[in-house]
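Peer 1: Sequence:
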Amino acid sequence: MGVLKFGTVNWELDTIKHNKFDTAHGIDVEVVYFAGEDATNVAMLAGDLDVIVSDWLWVSRQRSQGEDLTLAPYSTAVGAIMVREDAAIRSIPDLVGKKIGVAGGSLDKSWLLIQGLAQRDHKIDLAKESDVVFGAPPLLSEKALSGELDAVLNFWHFCARLEANGFRRLIGADDAAKALGASGPVSALGYVFHDKWANENPDVAMSFVKASAEAKKLLANSDAEWQRLAPIVRAEGRELEVLRDRYREGIPNRPLAEEESDAAKLYEILADLGGEKLVGEARQMAPGTFWAALKT
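Using numbering that gives the first Met the number 0, the first residue of the sequence shown is number 0, and each one after it goes up by one.
Just to be clear, a hint being listed does not mean it is correct.
What the hints assert, rightly or not - Under the rule of at most 27 angstroms between Cα atoms (straight-line distance), these lysine-lysine pairs were calculated in the DSS-like manner:
id: 1; residue 1: K177; residue 2: K276
id: 2; residue 1: K127; residue 2: K142
id: 3; residue 1: K142; residue 2: K4
id: 4; residue 1: K177; residue 2: K264
id: 5; residue 1: K127; residue 2: K177
id: 6; residue 1: K19; residue 2: K4
Claimed, not checked - Label pairs and their calculated CB-CB ranges:
id: 7; residue 1: E235; residue 2: A281; range: 25 to 33 angstroms
id: 8; residue 1: V30; residue 2: K142; range: 29 to 37 angstroms
id: 9; residue 1: S105; residue 2: A223; range: 24 to 32 angstroms
id: 10; residue 1: G165; residue 2: A229; range: 16 to 24 angstroms
id: 11; residue 1: E141; residue 2: E240; range: 19 to 27 angstroms
id: 12; residue 1: V132; residue 2: E199; range: 41 to 49 angstroms
id: 13; residue 1: S182; residue 2: A291; range: 18 to 26 angstroms
id: 14; residue 1: E248; residue 2: A135; range: 22 to 30 angstroms
id: 15; residue 1: S221; residue 2: P254; range: 35 to 43 angstroms
id: 16; residue 1: K127; residue 2: E257; range: 32 to 40 angstroms
id: 17; residue 1: E84; residue 2: E248; range: 33 to 41 angstroms
id: 18; residue 1: P230; residue 2: E128; range: 38 to 46 angstroms
Note that these hints are calculated values from the structure, not bench results. The beta carbon of each residue, even a glycine, is placed where N, CA and C say it ideally should be.
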(Lines of atoms letter the chains of each structure in order from A and count residues from 1; the text may use other names and numbers.)
(Lines give C-alpha, C1' and ligand atoms only; values in the text may rest on other atoms or scores of the structure.)
Protein backbone atom coordinates (compact mmCIF):
# COMPACT_ATOMS: atom_id res chain seq x y z
CA MET A 1 0.00 0.00 0.00
CA GLY A 2 1.47 3.33 -1.10
CA VAL A 3 0.70 6.41 1.01
CA LEU A 4 2.03 9.89 1.65
CA LYS A 5 4.43 10.00 4.60
CA PHE A 6 2.33 12.46 6.60
CA GLY A 7 -1.13 11.77 5.14
CA THR A 8 -4.17 11.21 7.34
CA VAL A 9 -4.53 7.68 5.89
CA ASN A 10 -1.64 6.72 8.18
CA TRP A 11 -3.94 7.10 11.18
CA GLU A 12 -6.19 4.34 9.91
CA LEU A 13 -3.33 2.18 8.66
CA ASP A 14 -1.55 2.45 12.01
CA THR A 15 -4.80 1.41 13.70
CA ILE A 16 -5.02 -1.60 11.38
CA LYS A 17 -1.42 -2.65 12.08
CA HIS A 18 -1.38 -1.94 15.82
CA ASN A 19 -4.60 -3.87 16.42
CA LYS A 20 -3.65 -6.59 13.91
CA PHE A 21 -6.89 -6.18 11.99
CA ASP A 22 -5.03 -7.20 8.83
CA THR A 23 -3.67 -10.47 10.22
CA ALA A 24 -7.11 -11.21 11.71
CA HIS A 25 -8.39 -11.21 8.12
CA GLY A 26 -5.50 -13.27 6.78
CA ILE A 27 -3.53 -10.46 5.12
CA ASP A 28 -0.43 -8.40 5.88
CA VAL A 29 -0.58 -4.71 4.95
CA GLU A 30 2.86 -3.44 4.01
CA VAL A 31 2.97 0.36 4.00
CA VAL A 32 5.28 2.07 1.49
CA TYR A 33 5.84 5.81 1.96
CA PHE A 34 5.99 8.36 -0.85
CA ALA A 35 6.81 12.07 -0.89
CA GLY A 36 3.96 13.16 -3.15
CA GLU A 37 0.66 12.09 -4.67
CA ASP A 38 2.03 12.03 -8.20
CA ALA A 39 4.65 9.48 -7.12
CA THR A 40 2.03 7.12 -5.66
CA ASN A 41 -0.09 7.45 -8.81
CA VAL A 42 2.87 6.64 -11.06
CA ALA A 43 3.83 3.63 -8.92
CA MET A 44 0.24 2.40 -9.02
CA LEU A 45 -0.01 2.66 -12.80
CA ALA A 46 3.38 0.93 -13.12
CA GLY A 47 2.08 -2.05 -11.13
CA ASP A 48 4.46 -1.53 -8.19
CA LEU A 49 1.67 -1.22 -5.62
CA ASP A 50 -1.56 -3.05 -4.86
CA VAL A 51 -3.44 -0.16 -3.23
CA ILE A 52 -3.19 3.64 -2.98
CA VAL A 53 -5.57 6.39 -1.88
CA SER A 54 -6.87 8.79 -4.51
CA ASP A 55 -10.12 10.42 -5.60
CA TRP A 56 -12.83 9.17 -7.93
CA LEU A 57 -12.15 11.90 -10.50
CA TRP A 58 -8.66 10.53 -11.07
CA VAL A 59 -9.93 6.94 -11.11
CA SER A 60 -12.64 7.81 -13.63
CA ARG A 61 -10.18 9.68 -15.84
CA GLN A 62 -7.82 6.69 -15.83
CA ARG A 63 -10.69 4.30 -16.64
CA SER A 64 -11.83 6.47 -19.54
CA GLN A 65 -8.28 6.22 -20.88
CA GLY A 66 -8.23 2.43 -20.69
CA GLU A 67 -6.89 1.70 -17.19
CA ASP A 68 -8.81 -0.74 -14.99
CA LEU A 69 -8.59 1.14 -11.69
CA THR A 70 -11.51 1.08 -9.26
CA LEU A 71 -12.21 2.51 -5.83
CA ALA A 72 -13.59 1.53 -2.41
CA PRO A 73 -14.80 4.57 -0.39
CA TYR A 74 -12.39 5.73 2.32
CA SER A 75 -13.53 9.13 3.59
CA THR A 76 -16.19 11.76 2.92
CA ALA A 77 -14.21 14.42 4.84
CA VAL A 78 -13.60 17.45 2.63
CA GLY A 79 -12.25 20.96 2.95
CA ALA A 80 -14.07 24.14 3.85
CA ILE A 81 -13.60 27.87 3.63
CA MET A 82 -12.44 28.92 7.09
CA VAL A 83 -12.56 32.43 8.55
CA ARG A 84 -11.65 33.86 11.93
CA GLU A 85 -14.31 33.44 14.60
CA ASP A 86 -14.73 37.22 14.85
CA ALA A 87 -14.61 37.91 11.09
CA ALA A 88 -17.43 39.93 9.53
CA ILE A 89 -17.59 37.34 6.73
CA ARG A 90 -20.90 35.49 7.21
CA SER A 91 -21.85 34.23 3.74
CA ILE A 92 -20.44 33.76 0.23
CA PRO A 93 -21.17 37.35 -0.96
CA ASP A 94 -18.97 38.65 1.89
CA LEU A 95 -15.97 37.04 0.15
CA VAL A 96 -16.09 39.54 -2.72
CA GLY A 97 -12.93 41.64 -2.66
CA LYS A 98 -11.38 39.52 0.10
CA LYS A 99 -8.05 37.69 0.00
CA ILE A 100 -8.72 33.93 -0.14
CA GLY A 101 -6.07 31.25 0.10
CA VAL A 102 -6.87 28.08 -1.83
CA ALA A 103 -5.03 24.78 -1.37
CA GLY A 104 -4.89 22.26 -4.18
CA GLY A 105 -4.72 24.69 -7.11
CA SER A 106 -7.30 26.18 -9.45
CA LEU A 107 -8.77 22.75 -10.33
CA ASP A 108 -9.27 21.61 -6.73
CA LYS A 109 -12.69 19.93 -6.50
CA SER A 110 -13.72 21.78 -3.36
CA TRP A 111 -12.81 25.14 -4.90
CA LEU A 112 -14.71 24.35 -8.09
CA LEU A 113 -17.84 23.27 -6.21
CA ILE A 114 -17.86 26.38 -4.03
CA GLN A 115 -17.31 28.54 -7.11
CA GLY A 116 -20.19 26.75 -8.82
CA LEU A 117 -22.49 27.45 -5.88
CA ALA A 118 -21.42 31.12 -5.71
CA GLN A 119 -22.15 31.48 -9.43
CA ARG A 120 -25.53 29.75 -9.29
CA ASP A 121 -26.94 31.28 -6.10
CA HIS A 122 -25.27 34.70 -6.01
CA LYS A 123 -24.09 35.33 -9.60
CA ILE A 124 -20.61 35.82 -8.17
CA ASP A 125 -17.42 34.72 -9.95
CA LEU A 126 -15.20 34.17 -6.91
CA ALA A 127 -12.10 33.57 -9.04
CA LYS A 128 -12.44 37.05 -10.53
CA GLU A 129 -14.16 39.01 -7.77
CA SER A 130 -11.85 37.94 -4.93
CA ASP A 131 -8.09 38.09 -4.52
CA VAL A 132 -7.26 34.39 -4.78
CA VAL A 133 -3.83 33.01 -3.87
CA PHE A 134 -2.87 29.36 -4.27
CA GLY A 135 -0.36 27.63 -2.07
CA ALA A 136 0.67 24.60 -0.05
CA PRO A 137 -1.78 23.69 2.76
CA PRO A 138 0.61 24.29 5.71
CA LEU A 139 1.71 27.67 4.35
CA LEU A 140 -1.87 28.82 3.77
CA SER A 141 -2.83 27.84 7.32
CA GLU A 142 0.10 29.86 8.66
CA LYS A 143 -0.94 32.87 6.58
CA ALA A 144 -4.52 32.55 7.81
CA LEU A 145 -3.35 32.40 11.45
CA SER A 146 -1.10 35.43 10.98
CA GLY A 147 -3.95 37.44 9.45
CA GLU A 148 -2.46 37.67 5.94
CA LEU A 149 -5.59 36.02 4.50
CA ASP A 150 -9.23 36.93 5.04
CA ALA A 151 -10.33 33.35 4.38
CA VAL A 152 -8.74 30.05 3.47
CA LEU A 153 -10.01 26.94 1.67
CA ASN A 154 -7.88 24.10 2.92
CA PHE A 155 -7.93 20.31 3.17
CA TRP A 156 -10.15 18.94 5.95
CA HIS A 157 -7.46 18.20 8.55
CA PHE A 158 -5.91 21.66 8.18
CA CYS A 159 -9.42 23.10 8.60
CA ALA A 160 -9.86 21.07 11.79
CA ARG A 161 -6.61 22.43 13.19
CA LEU A 162 -7.73 25.98 12.35
CA GLU A 163 -11.10 25.28 13.97
CA ALA A 164 -9.26 24.42 17.18
CA ASN A 165 -7.40 27.73 16.96
CA GLY A 166 -10.08 30.38 16.65
CA PHE A 167 -11.54 29.78 13.18
CA ARG A 168 -15.01 28.72 12.01
CA ARG A 169 -16.36 27.08 8.87
CA LEU A 170 -18.01 29.49 6.43
CA ILE A 171 -19.00 26.83 3.92
CA GLY A 172 -17.77 23.30 3.33
CA ALA A 173 -17.31 21.59 -0.01
CA ASP A 174 -19.85 19.06 1.29
CA ASP A 175 -22.39 21.87 1.75
CA ALA A 176 -21.74 22.99 -1.82
CA ALA A 177 -22.04 19.43 -3.14
CA LYS A 178 -25.43 18.95 -1.45
CA ALA A 179 -26.67 22.35 -2.65
CA LEU A 180 -25.66 21.38 -6.20
CA GLY A 181 -27.58 18.09 -6.15
CA ALA A 182 -25.86 15.42 -4.04
CA SER A 183 -28.33 13.65 -1.76
CA GLY A 184 -25.73 12.96 0.94
CA PRO A 185 -22.01 12.85 1.68
CA VAL A 186 -19.82 11.49 -1.13
CA SER A 187 -16.41 9.98 -0.44
CA ALA A 188 -13.79 12.43 -1.60
CA LEU A 189 -11.17 9.71 -1.42
CA GLY A 190 -11.08 5.96 -1.77
CA TYR A 191 -8.76 2.99 -1.65
CA VAL A 192 -7.77 2.50 -5.28
CA PHE A 193 -6.66 -0.75 -6.91
CA HIS A 194 -6.78 -2.54 -10.26
CA ASP A 195 -9.88 -4.57 -11.21
CA LYS A 196 -7.54 -7.31 -12.46
CA TRP A 197 -5.81 -7.53 -9.06
CA ALA A 198 -9.15 -7.60 -7.20
CA ASN A 199 -10.54 -10.25 -9.58
CA GLU A 200 -7.45 -12.42 -9.13
CA ASN A 201 -7.33 -11.85 -5.35
CA PRO A 202 -10.97 -11.30 -4.33
CA ASP A 203 -10.48 -12.53 -0.76
CA VAL A 204 -7.41 -10.32 -0.28
CA ALA A 205 -9.15 -7.21 -1.63
CA MET A 206 -12.27 -7.78 0.48
CA SER A 207 -10.18 -8.62 3.56
CA PHE A 208 -8.45 -5.26 3.25
CA VAL A 209 -11.81 -3.48 3.03
CA LYS A 210 -12.97 -5.38 6.14
CA ALA A 211 -9.78 -4.54 8.05
CA SER A 212 -10.30 -0.89 7.13
CA ALA A 213 -13.91 -1.06 8.36
CA GLU A 214 -12.77 -2.51 11.70
CA ALA A 215 -10.22 0.28 12.12
CA LYS A 216 -12.88 2.88 11.33
CA LYS A 217 -15.26 1.31 13.85
CA LEU A 218 -12.59 1.50 16.55
CA LEU A 219 -11.70 5.09 15.65
CA ALA A 220 -15.40 5.99 15.67
CA ASN A 221 -15.94 4.65 19.19
CA SER A 222 -12.65 4.76 21.10
CA ASP A 223 -11.24 8.03 22.41
CA ALA A 224 -8.39 5.99 23.90
CA GLU A 225 -7.30 4.90 20.42
CA TRP A 226 -7.04 8.57 19.45
CA GLN A 227 -4.87 9.23 22.49
CA ARG A 228 -2.60 6.40 21.34
CA LEU A 229 -2.47 7.95 17.86
CA ALA A 230 -1.73 11.47 19.15
CA PRO A 231 2.01 11.38 18.28
CA ILE A 232 1.19 10.29 14.70
CA VAL A 233 -1.65 12.82 14.37
CA ARG A 234 0.73 15.40 15.85
CA ALA A 235 -1.98 17.02 17.93
CA GLU A 236 -3.16 17.07 21.51
CA GLY A 237 -5.94 18.57 23.63
CA ARG A 238 -8.60 20.52 21.77
CA GLU A 239 -6.85 20.10 18.39
CA LEU A 240 -6.82 16.31 18.70
CA GLU A 241 -10.50 16.34 19.69
CA VAL A 242 -11.54 18.40 16.65
CA LEU A 243 -9.48 16.21 14.30
CA ARG A 244 -11.06 13.12 15.89
CA ASP A 245 -14.58 14.50 15.53
CA ARG A 246 -14.11 15.64 11.93
CA TYR A 247 -12.54 12.29 11.02
CA ARG A 248 -15.54 10.50 12.52
CA GLU A 249 -17.94 12.68 10.52
CA GLY A 250 -16.06 11.58 7.38
CA ILE A 251 -16.55 7.83 7.85
CA PRO A 252 -18.65 6.65 4.87
CA ASN A 253 -21.93 5.05 5.94
CA ARG A 254 -24.14 5.05 2.84
CA PRO A 255 -24.85 2.23 0.38
CA LEU A 256 -22.31 2.27 -2.43
CA ALA A 257 -24.97 2.71 -5.10
CA GLU A 258 -26.09 5.99 -3.49
CA GLU A 259 -22.54 7.33 -3.30
CA GLU A 260 -21.90 6.29 -6.90
CA SER A 261 -25.07 8.02 -8.10
CA ASP A 262 -24.18 11.28 -6.33
CA ALA A 263 -20.58 11.11 -7.53
CA ALA A 264 -21.86 10.80 -11.11
CA LYS A 265 -23.97 13.95 -10.63
CA LEU A 266 -21.04 15.86 -9.15
CA TYR A 267 -18.77 14.61 -11.94
CA GLU A 268 -20.96 16.30 -14.57
CA ILE A 269 -21.01 19.55 -12.58
CA LEU A 270 -17.22 19.43 -12.14
CA ALA A 271 -16.74 18.60 -15.82
CA ASP A 272 -18.61 21.82 -16.66
CA LEU A 273 -16.64 23.87 -14.14
CA GLY A 274 -13.17 22.40 -14.65
CA GLY A 275 -13.42 21.32 -18.27
CA GLU A 276 -10.98 19.05 -20.05
CA LYS A 277 -8.06 20.06 -17.79
CA LEU A 278 -9.84 18.42 -14.89
CA VAL A 279 -11.62 15.40 -16.35
CA GLY A 280 -10.07 14.85 -19.76
CA GLU A 281 -12.39 14.22 -22.68
CA ALA A 282 -15.00 12.15 -20.79
CA ARG A 283 -18.03 14.21 -19.84
CA GLN A 284 -19.49 11.49 -17.61
CA MET A 285 -18.02 9.37 -14.84
CA ALA A 286 -16.67 6.09 -16.18
CA PRO A 287 -18.69 2.95 -15.30
CA GLY A 288 -16.89 0.83 -12.70
CA THR A 289 -15.21 3.80 -10.98
CA PHE A 290 -16.65 2.49 -7.70
CA TRP A 291 -15.79 -1.15 -6.94
CA ALA A 292 -18.80 -3.22 -8.05
CA ALA A 293 -18.15 -5.99 -5.51
CA LEU A 294 -19.23 -3.64 -2.70
CA LYS A 295 -22.73 -3.27 -4.14
CA THR A 296 -23.76 -6.82 -3.32
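Peer 1: Looking back at the numbered hints, which does the structure fail to meet, lowest number first?
Peer 2: 7, 9, 15, 17
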